[in-house]
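Participant: Construct all of the structure, not just a fragment, from the sequences and the given hints.
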Amino acid sequence: MTASLLVCCIPICFAAKPKAPLTLSASECGAAGDGKTLNTEVLQAAIDRIGQAGGGTLVLRDGCFLTGGLFLRSNVELRIEAGATLLGSTNPYDYTAINMDNIPAGRGMDSSRMGLIVAQGVDNVKISGYGTIDGQGRALALQVDSLFLLGVVQDPRQAMMTGSRVSPPPMPQMNTRRRPSELMRQKLVFCTECNGVIIENLRLRNSSVWGVSFDSCENVTIRDVNIHNRAYWNNDGIDLTDSKHVRITGCNIDAADDGICLKSNRDDAVNEDIVISDCTIASSASAIKFGTASFGTWRNVRIRGIRVNDTFRSAIAIESVDGAKIEDVSVDGVVARNTGNAIFIRLGKRAGEGKGYIRNVRICNLSCEIPFDRPDVDYDIRGPIKDTYHNQYPCSISGLADYRVEGVTIENVELIYPGRSSKGMGYIPLERLDLVPEQERGYPEYSMFGELPAWAFYVRHVDDITFRNVRLFLLEEDYRPAFVLDDVKGASFDNISLPLIQSEGQLFLHNSTTRSVF
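For the record, in the sequence shown the residue sitting at position 24 is 24 according to the working numbering, with numbers rising by one throughout.
Among the hints, a few may not be true.
Stated by the list, open to error - Below, simulated DSSO-like cross-link-like pairs (lysine-lysine); rule was C-alpha separation at most 30 Å, straight line:
(1) 349 <-> 325
(2) 355 <-> 423
(3) 244 <-> 349
(4) 36 <-> 126
(5) 325 <-> 355
(6) 244 <-> 423
(7) 126 <-> 244
(8) 325 <-> 244
(9) 355 <-> 489
(10) 349 <-> 489
(11) 325 <-> 489
To be verified - Label-pair restraints from in silico Cβ distances:
(12) 429 <-> 149: 44 to 50 Å
(13) 469 <-> 309: 20 to 26 Å
(14) 102 <-> 354: 14 to 20 Å
(15) 81 <-> 153: 33 to 39 Å
(16) 425 <-> 34: 54 to 60 Å
(17) 195 <-> 401: 40 to 46 Å
(18) 302 <-> 124: 23 to 29 Å
By construction, these hints were calculated from the structure, which means they are not laboratory data. Think of the CB as a built atom: it goes at the ideal place given N, C-alpha and C, for glycine as much as any other residue.
Facilitator: Here it is in structure tokens:
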């Protein structure tokens with residue numbers, strides 16, 4: 001009797017059964033996969049419905065679904081299955097620019113605020129499947145161009161610069177290069193202030209500007225994505241701006257601008273715990289680049305297992321010119337073929353109020369073959385030429401007299417150069433190294449100094465640099481030495497292999513000290 005009463009007095013609570021994630025088919029929601037019907041409202045309504053239900057998946061199957069800009073919601077996956085294409089509209093009015101209060105005024109003016117797929121301030125979103133996202137970028141950019149030239153729309157970059165303290169305000173890119181600025185064009189995927197983003201297995205095609213872009217995001221994974229972004233100018237592959245805890249793995253990128261670009265627009269931003277691995281990159285600019293926007297901090301960045309092909313500029317470019325603090329960077333295992341430059345490291349003071357630094361950088365197990373002619377000759381959109389021809393540029397590692405690069409290790413590196421440099425083409429006498437301009441406020445690029453006096457490594461304003469197990473090859477003779485060190489303190493050389501056809505006089509030191517020489 002007592003036991004029975006006790007049992008009756010025990011309250012029994014049943015937890016509410018969690019809702020199953022909602023899965024919707026785009027076609028069943030009324031979207032037409034004919035490549036002609038504009039599905040923006042239908043697809044956005046389905047995304048919103050899934051978000052309001054607490055999360056789930058919108059699936060695109062078999063068909064070509066034309067749409068304008070779509071906005072993802074938290075806990076929503078957009079899955080584009082094999083045989084399906086999300087096709088971007090070529091009408092500029094089908095896209096909406098978002099407000100970005102997290103970027104200081106006057107910065108980020110190369111970053112569009114529009115996208116075919118946009119995620120802003122949301123968590124746990126995913127874009128997946130084995131299908132295709134095609135932005136139809138060239139047709140879209142040319143539509144924007146026409147509207148601007150007709151006076152129908154105004155370039156946002158010009159409007160932003162009107163109130164600039166710069167006098168006169170710099171001209172917008174439209175007027176200097178006869179094309180719409182980046183702010184007038186739409187990215188393929190644009191995520192800002194998000195936590196938890198996965199993009200995997202997709203084929204991404206033909207943006208009108210950057211391909212996949214992240215700003216102020218955390219916990220980002222991009223894996224096994226194929227990006228072909230050569231439809232128009234400024235077409236980067238992947239851009240990471242002021243983001244942390246990022247993994248980019250197994251991607252194949254072919255871009256008309258930088259392949260993977262790490263940027264920073266905020267002085268207080270910390271870009272850390274970034275891994276880029278097992279990717280193949282072709283670029284009409286640089287394969288992997290830090291900068292050009294470089295205001296915050298980068299640390300704990302690991303780059304490994306990268307294959308670079310047919311790239312106009314640098315395989316690896318590390319740039320701090322706006323006060324960025326870059327440290328603890330490891331580059332391990334880069335094979336670059338038909339690439340204009342292997343390594344470019346630059347510390348300058350173009351903009352920003354803080355004093356930046358680059359220190360503790362290790363580049364190892366790198367092999368690069370530099371062609372005599374330009375590497376991107378077969379590209380539809382090729383990198384900009386200089387005002388004259390030039391001898392081949394060496395790897396360049398440089399700071400300024402009061403902004404010194406510190407702690408660089410170059411180890412297990414093989415460089416193959418074409419040679420054939422000519423004093424008639426360009427000549428810097430070794431006794432006149434002052435002819436190489438400092439360019440303290442110059443735009444950072446491996447060609448920024450013009451003609452250089454070395455064929456393999458030009459190093460200036462650097463403390464504590466080590467060259468270990470470096471193998472250098474020349475296909476034909478070069479009148480310049482392999483190494484020129486100008487104002488370098490504490491250089492070390494260990495096991496340097498020089499070309500048989502040119503092995504004497506390959507190290508030139510000016511105002512420099514060494515711990516060991518070859």
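Participant: If a hint holds in the structure, say so; if it does not, say that too.
Facilitator: Evaluated hints:
For the hint linking residue 349 to residue 325, the alpha-carbon distance of about 12 Å falls within 30 Å, and the restraint holds. For the suggested pair residue 355 and residue 423, the alpha carbons sit about 38 Å apart, so the restraint of at most 30 Å is broken. At most 30 Å may separate the alpha-carbon atoms for a hinted pair to count; residue 244 and residue 349 meet this at roughly 25 Å. The hinted pair formed by residue 36 and residue 126 meets the criterion: a straight-line CA distance of about 26 Å does not exceed 30 Å.
Distance restraint check for residue 325 and residue 355: the Cα-Cα separation of roughly 8 Å lies within the 30 Å cut-off, and the hinted pair is therefore satisfied. For a cut-off of 30 Å, the pair hint linking residue 244 to residue 423 is broken: about 47 Å separates their Cα positions. Taken as a hint, the residue 126 and residue 244 pair is honoured in the structure, with Cα atoms around 17 Å apart against an allowance of 30 Å. A hinted pair counts as satisfied when its Cα atoms are at most 30 Å apart, and residue 325 with residue 244 qualifies at roughly 15 Å.
Pair hint residue 355 plus residue 489 holds up; C-alpha atoms about 20 Å apart against a cutoff of 30 Å. Distance check on the hinted pair: residue 349 and residue 489 sit about 21 Å apart at the alpha-carbon level, within 30 Å; holds. A threshold of 30 Å between alpha carbons decides the hint, and for residue 325 with residue 489 the separation of about 21 Å falls inside it, so the pair holds. Separation of residue 429 from residue 149 is about 49 Å and conforms to the stated range, judged on CB atoms against 44 to 50 Å.
In this structure, residue 469 and residue 309 meet the distance hint of 20 to 26 Å, their C-beta atoms being roughly 24 Å apart. Remark: the range hint 14 to 20 Å for residue 102 to residue 354 is upheld by a beta-carbon distance near 18 Å. Separated by about 36 Å at the C-beta atoms, residue 81 and residue 153 satisfy the suggested range of 33 to 39 Å. Separated by about 57 Å at the C-beta atoms, residue 425 and residue 34 satisfy the suggested range of 54 to 60 Å.
At about 42 Å, the CB distance of residue 195 to residue 401 agrees with the hint of 40 to 46 Å. Taking 23 to 29 Å as the suggested C-beta distance range, the pair residue 302 and residue 124 conforms, at roughly 25 Å.
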